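J.: Sequence:
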Amino acid sequence: MFHKVIEHSRRYPEATPLLMLSILPFLALTVHDSVRFVRKYFDATVPLDSNAVNRLRNASKALSSKGLHIEEYALEAKAITSTLTASAKNHSGLFGDLLNAMQPDIAIVYCNGLPVSTSYNVARYVGRADGGLKGVLANPDVVSRLGFDIGQAASVNYYTVAQLGIEESSLVSNKFEAESLDLHFSDLLIPLSCKGISNIACFFMLSDILTQLNSITVLRNSGFFSDALQMKFATTVLLAACRSISKFSRCVKPKPDRHECTSEGAEILSTMIPKSMRKEIERTSDLRNAFVHYDFSKLLDSKLGKCHDAGTILEMAIQSSVQKSVEEYLAWIVGTVDDLSKVISTLIELPAYGSSAGACRNVRA
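The numbering of the sequence shown is our numbering, which starts it at 29 and goes up by one.
Calculated from the structure, these hints are not laboratory results. You may find that some hints are simply not true.
Pair ranges (Cβ atoms, derived) [claimed, not checked]:
1. Leu122 to Ser304: 35 to 43 Å
2. Ala380 to Gln131: 48 to 56 Å
3. Glu42 to Ser254: 22 to 30 Å
4. Ser298 to Ser110: 25 to 33 Å
5. Lys281 to Arg64: 34 to 42 Å
6. Lys326 to Ser353: 31 to 39 Å
7. Gln131 to Thr299: 31 to 39 Å
8. Ser120 to Asp314: 13 to 21 Å
9. Asp329 to Arg64: 22 to 30 Å
10. Ser298 to His97: 17 to 25 Å
11. Ser304 to Leu126: 46 to 54 Å
12. Thr299 to Ile34: 39 to 47 Å
13. Glu99 to Ser254: 34 to 42 Å
Think about it this way: if two alpha-carbon atoms lie no more than 30 Å apart in a straight line, the pair counts; the simulated BS3-like pairs of lysine-lysine are [as the list claims (entries may be wrong)]:
14. Lys326 to Lys307
15. Lys283 to Lys307
16. Lys94 to Lys117
17. Lys106 to Lys223
18. Lys326 to Lys303
In this text, all values refer to a predicted model and were calculated from it rather than measured experimentally. C-beta atoms are modelled at their ideal positions from N, C-alpha and C, and glycine is treated no differently.
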């Protein structure tokens, strides 16, 4: 993956910034535990990833991140959107109010018609990575430092792949065809509010989950993710999504009005993931841990020994945890990502790319 990102930046420098917005959470997740794997089994002197990368990794878990309460998440969402709005709608003078009313304050990145990143979710990632949300937008050094930290940690992966002698031709991806749409954040809240959910944190959470699910699809189709990476990231995001939505629903349902929801809205949240889907996703917990921490030992029969190739280990781990073959699990993952993406899309109704709801910026990648 890292070779492909670097190669993409060489061939398509103009398209890489939007790619990085989409792939950022997955880079952070990969470098955090892969560095620990290399330290444990190959070279204990390899430096760990920075605290900033670790905080970004946790930020991408939405509400499933340990110790994160809904109230805190809501405060973050409001702080980010108010800062974005203030930085964009800063016109003054005779026509200041009119210009501010016309001025978009957020952006959504689309790839193949799917929303894959938003300026407000990325602002939260970067803010969390920096240890706080204040002043992030006014300090470009934050992003530069984060990019350096990820690159430094990723160099371990880059070097490891180079030592394996993999053909360079197999490490080339397609061009990441994406475009950015400027929008008014207040307009985005209307569809969900009409369904009885006016809580900004809920919209924040659902749009974050949606863009990550869509990113997995388009990054796989663009050649950045292998089947194994697609399974790893989809398993991780689906489990985080299921737990985040359930956490929010459990908090809201007893007294919806306290959380800017109607009883109908609370019911929508509690039933948006069918029980059968939720049960299947929760079954992947052990497999998710194995993928993320590069440790499949708990899913393998100790009597089988250790002399197995990666494909055999993956086959046995998937069979042990979810009773599926690799092919069956991959098909289930693809279908479930698509199904949940459609559920969330129908609920929050982000504007379709090219719709009159947004102003298209001339940033075709």
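J.: Using the Cβ atoms, figure out if Ser298 sits within 17 to 25 Å of His97.
T.: holds (19 Å)
J.: Does 34 to 42 Å hold as the CB distance between Glu99 and Ser254, or does it fail?
T.: holds (39 Å)
J.: Lys326 and Lys303 were given as a pair; does the straight-line alpha-carbon distance stay at or below 30 Å?
T.: holds (27 Å)
J.: Cβ-Cβ distance between Glu42 and Ser254: within 22 to 30 Å?
T.: holds (26 Å)
J.: Starting from the hint 46 to 54 Å, judge whether the C-beta atoms of Ser304 and Leu126 obey it.
T.: Given about 52 Å between the Cβ atoms, the range holds.
J.: Within a Cα-Cα threshold of 30 Å, do Lys283 and Lys307 meet the stated pairing?
T.: It holds: about 26 Å lies between the C-alpha atoms, which stays within 30 Å.
J.: Verify the proposed pairing of Lys326 with Lys307, using a straight-line Cα cut of 30 Å.
T.: holds (21 Å)
J.: With 34 to 42 Å as the target window, see if Lys281 and Arg64 comply at their CB atoms.
T.: holds (38 Å)
J.: Compare the distance between the alpha carbons of Lys94 and Lys117 with 30 Å, and conclude whether the hinted pair is satisfied.
T.: violated (35 Å)
J.: Hey, Lys106 versus Lys223, does the alpha-carbon distance stay inside 30 Å?
T.: holds (20 Å)
J.: Is the hinted range of 35 to 43 Å satisfied by the C-beta distance from Leu122 to Ser304?
T.: violated (60 Å)
J.: Is 25 to 33 Å respected by the C-beta to C-beta distance linking Ser298 and Ser110?
T.: holds (29 Å)
Of the hints listed earlier, those the structure fails to meet are numbers 1, 2, 6, 8 and 16, in rising order.
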